[in-house]
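J.: Turn these sequences into a full structure, and let the hints steer you where they fit.
Below are the chains, spelled out letter by letter.
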Amino acid sequence: MTTREATHAVWQGKVRMKVTSKGTGPALVYLHGPWGLTWDPFLDELARDFTVHAPQHPGTSPDAPEDVYHLDGLWDLVLCYDELLTALGIGQAALVGHSFGGMLACELAAAFPGRVRRQALIAPLGFWRDADPVVNWMMIDPEALLGRLFRDPAGDAAKRLFGPAEPPAEAAAARVRLTWAMGATGKFIWPIPDKGLKKRVHRVTAPTLLVWGKDDRLVPPVYADEFARRIPGARLHTVDGAGHAPHVEQPEAVARTLREFLSA
Amino acid sequence: MKISAFHLMPHRELPADFEQRYESVWVTPPWWELADARRVGQYYNWTLDELVYAAKAGFDGVCTNEHHQNAYGFMPSPNLMGSVLARATAGTNVAVVQMGATLPTSNPPLRVAEEYGMLDCISDGRLVAGLPLGSPMDVNLCYGITPMEHRERYREAFALTLKAWQAKEIFAWNGRYFQLANVNLWPRPVQQPHPPVWVPGSGSISTFDFAVEHDVCYCFLSYSGARSAKTMMDAYWRVVADKGREPNPYRAGFLQLVVVAETDARAEELYARHVEYFYHKCLHVPAVWFAPPGNQDYRSLVATANNPVRRAENPKTLRYRDFVDKGYVIAGSPATVRDRLMEEVVKGLRVGNLMVLLQIGSMPHELTLQNIDLFAREVLPSLRDVWDDEGWVNHWWPERLRERPGAARVAVGAGR
Chain A
1 MTTREATHAV WQGKVRMKVT SKGTGPALVY LHGPWGLTWD PFLDELARDF
51 TVHAPQHPGT SPDAPEDVYH LDGLWDLVLC YDELLTALGI GQAALVGHSF
101 GGMLACELAA AFPGRVRRQA LIAPLGFWRD ADPVVNWMMI DPEALLGRLF
151 RDPAGDAAKR LFGPAEPPAE AAAARVRLTW AMGATGKFIW PIPDKGLKKR
201 VHRVTAPTLL VWGKDDRLVP PVYADEFARR IPGARLHTVD GAGHAPHVEQ
251 PEAVARTLRE FLSA
Chain B
1001 MKISAFHLMP HRELPADFEQ RYESVWVTPP WWELADARRV GQYYNWTLDE
1051 LVYAAKAGFD GVCTNEHHQN AYGFMPSPNL MGSVLARATA GTNVAVVQMG
1101 ATLPTSNPPL RVAEEYGMLD CISDGRLVAG LPLGSPMDVN LCYGITPMEH
1151 RERYREAFAL TLKAWQAKEI FAWNGRYFQL ANVNLWPRPV QQPHPPVWVP
1201 GSGSISTFDF AVEHDVCYCF LSYSGARSAK TMMDAYWRVV ADKGREPNPY
1251 RAGFLQLVVV AETDARAEEL YARHVEYFYH KCLHVPAVWF APPGNQDYRS
1301 LVATANNPVR RAENPKTLRY RDFVDKGYVI AGSPATVRDR LMEEVVKGLR
1351 VGNLMVLLQI GSMPHELTLQ NIDLFAREVL PSLRDVWDDE GWVNHWWPER
1401 LRERPGAARV AVGAGR
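Top line first, the protein sequences correspond to chains A and B.
Numbering-wise (this note's numbering), the first sequence opens with residue 1 and increments by one.
Numbering-wise (this note's numbering), the second sequence opens with residue 1001 and increments by one.
Source of the hints: derived by calculation from the structure; they are not laboratory data.
Small disclaimer: the values here were computed from a predicted structure and weren't measured.
We put the beta carbon where it would ideally sit given N, CA and C, even for glycine.
Treat the hints with care, since some could be wrong.
[Unchecked claim] Which chain A residues face chain B? A few, computed with CB under 7 Å, are given here:
no., residue
1, Pro65
2, Met138
3, Asp141
4, Ala172
5, Arg175
6, Val176
7, Thr179
8, Gly183
9, Gly186
10, Lys187
11, Trp190
12, Pro191
T.: This is how it looks when you write it as structure tokens:
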């Protein structure tokens, strides 16, 4: 299978969005989390059944870091994605979103119900419970962040998401990429990851699958109940041996569940 | 040379094991465990008394600043303090240096323009208008401003403030972050076209550019002394030269911690524990809080990642003598302090507007007054005319206070 890369300029040409695509079959759009896009085994698995399109959120691709300044808020971002789908020639797609990307997928499904055939939300952000605050991942040191994100902070999954620690030049580039990705996504979600989805979520018509790592120490699994309660018919799949990035720690198991759900 | 007394208004009685027991001095220290409102009232009053004492002792200005949710320095509204100081120094030639009210945390930021207008009226034109960007802890963590919008909001608010002071007509401000249909500031400042503007920073390149482009006084507020500031300030002066501005020392401000006693040994005896308290407790903040993702722009982020500046020392591993040796604190007899200030700070960094922090950490009221008194009598007079022979005008000081107190003498042969 070949990987294709293309850049689409949306928002009056001011926001350049880089999209990696792979596979054949119905369209599937993958929206990454606050740590940038990593093309990993999970997406390869999905590409066996779908044409997977994985855009990098505005600002998070190193060749266009400042384009994100053209967007003022979440509404601007949602409209950008609507334009991107049009640019990709997609009328309706399956959406898969992780963390920040999960919130964004759900916002798209609420704003443009006709655009979303089915959606799988992996540990999505978007709601807030005073009793179970979501830890601000932008304000903890790198070690603590690994501990919050992964069931096994020393495992390969952590290395895949965060990039190399050696040699120095590559490590520096990875640090810049990671920090800027958190900043550019954080722009739409600071300081509390509740930007009003609760007022809009009733508009979602797409069948919804929620995927949560059993040991999610960033967005506690209790948030799955919030989503399940607000999206009638949503199903929950809990993943053993995984934290906040179950698709990175358990790629095959999560991909299998998703392929089944999204193919229906 | 203008010399001002700076105050942070810290908690002076944190427990000995504070830094082991608590996550941070900023944002999250628990009020109910650590403070008592009546006692804190005493701190505020000591702070005001100390600054008024400095004003009477001969300092050129008194400085207050804004911080939130912390025990390191908690004047959430510096203008409340400045207002008391403006009144208490009525009829003197002492400047009220607000370092200052933070634009991105004031909504609308016009509030700062108004309050500075009030202060300039109350003080009859003795205001220095500090317009700080604000620390990430204050602006992003305590006040919820998105890190990536912090600088943009500041720049818009800065432009709005300057226009609001000067506009002759009512105007509409249709900004990205602020929309005001009828800007018509009451009151306007006494100083025309507007009070002198100082922009404090901590060495970021984009702030150098901003300060020089807007022709304001750039103030480096550092706690690690002149030696570690040298590279930064040299870079600032290069930007000044590159942008075609004259090397007027008054376009630079610097904050230095200073303690003075009869002898060097006596200074150690009197001040060592207060200095250590300051560096060990008052600066106890998780490093990552200083740089929330998106706060630093992309250019600076890449520069920092690729050329990590010398690894910052952890001040918790240092003791009084280290702080003194490294110049974090200038300490000792009047002669020692005079010489080091002159060589390392004033001449070394080319500073025309010097600020000194004389109440440090846990330093009690009486000892603070002693420090102020000794500095004012034995150190300050010898620094005052240091730039006079070069003939520069301090455009960043209230015009009617520029003349040296009691000095009618104009530097002979000054060509500028």
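J.: Does the structure break any of the earlier hints, and which numbers would those be?
T.: The structure conflicts with no hint, since it agrees with every one listed earlier.
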